[in-house]
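Line by line, the protein sequences are chains R and U. Everything in the first sequence is counted per our numbering, starting at 808 for the first residue and increasing by one. Everything in the second sequence is counted per our numbering, starting at 36 for the first residue and increasing by one.
Derived by calculation from the structure, the hints in this document are not laboratory data. Quick reminder that beta carbons are idealized off the backbone N, C-alpha and C, glycines included. Be aware that a few hints might be false.
[Unchecked claim] So the derived list for chain U, only partly shown, Cβ under 8 angstroms to chain R, looks like this:
1. Asn73
2. Gly77
3. His80
4. Ser103
5. Leu135
[As the list claims (entries may be wrong)] To give a feel for the contact side, a few chain R residues facing chain U, derived at Cβ under 10 angstroms:
6. Ser840
7. Gly847
8. Leu897
9. Gln910
10. Gly913
11. Gly915
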Amino acid sequence: DAGVTQSPTHLIKTRGQQVTLRCSPISGHKSVSWYQQVLGQGPQFIFQYYEKEERGRGNFPDRFSARQFPNYSSELNVNALLLGDSALYLCASSPGLAVSYEQYFGPGTRLTVT
Amino acid sequence: SQQGEEDPQALSIQEGENATMNCSYKTSINNLQWYRQNSGRGLVHLILIRSNEREKHSGRLRVTLDTSKKSSSLLITASRAADTASYFCATFEGAGSYQLTFGKGTKLSVIP
């Protein structure tokens with residue numbers, strides 16, 4: 808079975824631009840979470856979506872938004888990019904709402920803002 | 036914000052030796068999980084220990100949890116070069132929480 812997939816793998820954007828990152832969960836998984844990992848740090852929670860609804864939001868500005876589609880894939884949008892948004896963006900899926908079980912992570916999208 | 040703090044930040048050992056990493060956290064938890072990350076790519080789940088468990092084993096991995104001290108340790112026995120990676124602890128607080136809260140990680144280097 809395919810694991811969690813993310814696209815694109817790498818992305819270079821300029822300050823002020825907007826970016827959309829995509830994630831496809833493992834087949835049958837209905838929950839998708841997004842994390843930001845700055846170099847040298849652990850992942851920081853951004854959003855969790857379950858059954859197309861936002862269930863949790865981390866401490867990120869409104870420039871960050873996301874949505875989940877009927878096939879449970881998800882997009883993360885970041886507007887008005889700042890240099891500090893440069894990071895590895897990770898998507899994770901799990902079968903149910905609770906994150907009390909293991910999360911299955913994708914390979915990530917590395918975003919560089921210049 | 037980071038919940039857990041791993042110790043040490045970096046660890047270098049010879050192949051065949053044991054590696055021990057520690058994690059401290061701040062709030063009450065439902066469970067604690069350990070993940071491995073190779074070369075800044077996706078994380079791989081290693082083991083989950085619940086708040087009512089004290090020790091858990093999986094292959095060469097042994098995890099302990101001390102909720103009174105809010106700390107956990109991950110022991111990798113008979114390390115291999117392939118174990119070279121960053122290791123993160125992540126906590127799940129329980130009902131009403133929708134996120135895993137990760138520490139800053141321990142970078143393990145296993146020298147062949």
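Right, here's what the structure says about each hint:
1. At a threshold of 8 angstroms, the smallest CB-CB gap from U/Asn73 to chain R is about 10 angstroms, leaving the interface hint violated.
2. Here the hint on U/Gly77 is kept, as its CB sits about 4 angstroms from the closest CB of chain R, short of 8 angstroms.
3. Here the hint on U/His80 is kept, as its CB sits about 4 angstroms from the closest CB of chain R, short of 8 angstroms.
4. Restraint check, U/Ser103 versus chain R: the minimum CB separation of about 21 angstroms is more than 8 angstroms; hint violated.
5. A distance limit of 8 angstroms between C-beta atoms decides the matter here; for U/Leu135 the minimum to chain R is near 6 angstroms, and the interface restraint holds.
6. Interface hint status for R/Ser840: upheld, as the beta-carbon distance to the closest one in chain U is roughly 7 angstroms, under 10 angstroms.
7. Checking R/Gly847 against chain U: minimum C-beta separation of about 8 angstroms stays under 10 angstroms; hint holds.
8. Proximity of R/Leu897 to chain U holds as hinted, the smallest CB-CB distance being about 6 angstroms (cut-off 10 angstroms).
9. The restraint placing R/Gln910 at the interface with chain U holds, with a minimum CB-CB distance near 6 angstroms, inside the 10 angstroms limit.
10. Because the smallest distance between the Cβ of R/Gly913 and any Cβ of chain U comes to about 5 angstroms, under 10 angstroms, the interface hint for this residue holds.
11. At its closest, the beta carbon of R/Gly915 sits 6 angstroms from a beta carbon of chain U; the interface hint therefore holds under the 10 angstroms criterion.
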